[in-house]
Structure formats: structure tokens, C-alpha cells
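Participant: Protein chains in written order, with my numbering: chain A, 1 to 111; chain B, 1001 to 1114.
No wet-lab data here; the hints were simulated from the structure. Don't take every hint at face value.
BS3-like cross-link-like pairs, simulated, lysine-lysine; straight-line CA separation at most 30 Å [to be verified]:
id : chain 1 : residue 1 : chain 2 : residue 2
1  : A       : LYS37     : A       : LYS110
2  : A       : LYS110    : B       : LYS1057
3  : A       : LYS42     : B       : LYS1071
4  : A       : LYS98     : B       : LYS1070
5  : A       : LYS42     : B       : LYS1014
6  : A       : LYS98     : A       : LYS56
7  : A       : LYS98     : B       : LYS1057
8  : B       : LYS1057   : B       : LYS1071
9  : B       : LYS1071   : A       : LYS98
10 : A       : LYS68     : A       : LYS56
11 : B       : LYS1009   : A       : LYS98
12 : B       : LYS1014   : A       : LYS98
13 : A       : LYS68     : B       : LYS1014
14 : B       : LYS1070   : A       : LYS71
15 : A       : LYS42     : B       : LYS1009
16 : A       : LYS42     : A       : LYS110
17 : B       : LYS1070   : B       : LYS1009
18 : A       : LYS37     : A       : LYS71
19 : A       : LYS37     : A       : LYS68
20 : A       : LYS42     : B       : LYS1057
Keep in mind the model is a prediction, meaning the values are calculated, not measured.
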Amino acid sequence: GESVGLHLPTLSVQEGDNSIINCAYSNSASDYFIWYKQESGKGPQFIIDIRSNMDKRQGQRVTVLLNKTVKHLSLQIAATQPGDSAVYFCAEIWNAGKSTFGDGTTLTVKP
Amino acid sequence: DGGITQSPKYLFRKEGQNVTLSCEQNLNHDAMYWYRQDPGQGLRLIYYSQIVNDFQKGDIAEGYSVSREKKESFPLTVTSAQKNPTAFYLCASSIVVLGANVLTFGAGSRLTVL
């Protein structure tokens, strides 16, 4: 069978390493997905998005992968920096724009 | 600068009191939302409004009320009927274009019930 990354509530990485944050979504009708970053005491901020007709999208140091077969989304952060420490949420959008959020992963970057 | 302003940032309330959280946006967004965030959990939708003078219940609306009299404003009242109101409350706004709904969030209001 195909290997699917597990969602972990916390992830600790060394500065400079790559980070992979996983998310399982629930609705096969979702056609748009977003990753948000939430720093301590602040509201979430948009990082990157992907539509369901794509399987990969790249931004600056970030890549989102979408596997619709197993309803899985991942966020890859290259050369992780201390400023990347935050909680990361995936969101699936369906039903005329309604967003449903995952539980979030707390990323800690060790110097 | 365009954005969303939530106030107050911190609020303490005694049990049995109602409290209103303010949310104002100058982004000219049609849709506005209120989410609740508890420690270690994702965001849960309380209420949302897609147009002035109209709003719908989200997943956890019991014990909360909202109004949308102006496009820019979407205040949330946490009533005494809300059994566990201590939480971090986030307001957001968006425009929906071709099914893409990117939320812009405020900085949040932390409510503590004493």
C-alpha cells in the first residue's frame, strides 16, 4: 500500500534542515487547500495554496504537495530557520468557500 | 494599511456576564467570520456573514450572538449561556473568487472567565 505521512501535533527540527508537516483532510469534494502559519499570540497568516487540479505547488522555500487519492496534504519547508517556529494549519475549502481547519502542528526550530 | 482590528486583546469576565468582542476590517471584504481556538486545537467556526444584515451559524454557535449592520464590522457577543467561554477568539474576513477563499485574520482576543 501507499505510505502516507502521519499528522504529528509537534515537530522539532534543527536549523537548516528541511521540515515536512502533514495533514489529512476529510472531504473528497474539497477543491482548494491552504496552509496557514500562526505565531504565538497572533492570528494565522496565509503561506501557500493549491487547487485540487494540481499535485504540487512551490513558493519561496515552501512546497505544498496534494495527494487526492489518500486525501493528504503536506507542507515542506526548505532550510528551516528560527523564524519558521510557529503552529501550522491546513485548511480545506468546499461548499461555496467554507473553510475547515486541521488541528495544527507546532514546529520548533532548534539553533 | 488594510487589515482587521480586533479589540480588546485581553478581556476578563466574571461568570454570568455577557461580553462583546469587536472586529473591524477596512479591506472591503464581503465575508466575515468568527473562530474559537482552544489550546492544542484547530479553529472552530462560531458564526459567519457573507453579506450585510445576514449571518449564519457555524459549528459551535450555542452561547454566542453576532450582528452585521455594517460591512466593516462584525461584533461577537459571548453570552452567559456559553458554558466554557475561556478561549482565544479570532475574527477573519475574505473575498471568495472562483472557490478560492483566503482568510485574513485579526490578531485575536483572549477571553478569560474568572
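Participant: Are there hints from earlier that the structure breaks, and if so, what are their numbers?
Facilitator: 2, 12, 13 and 14
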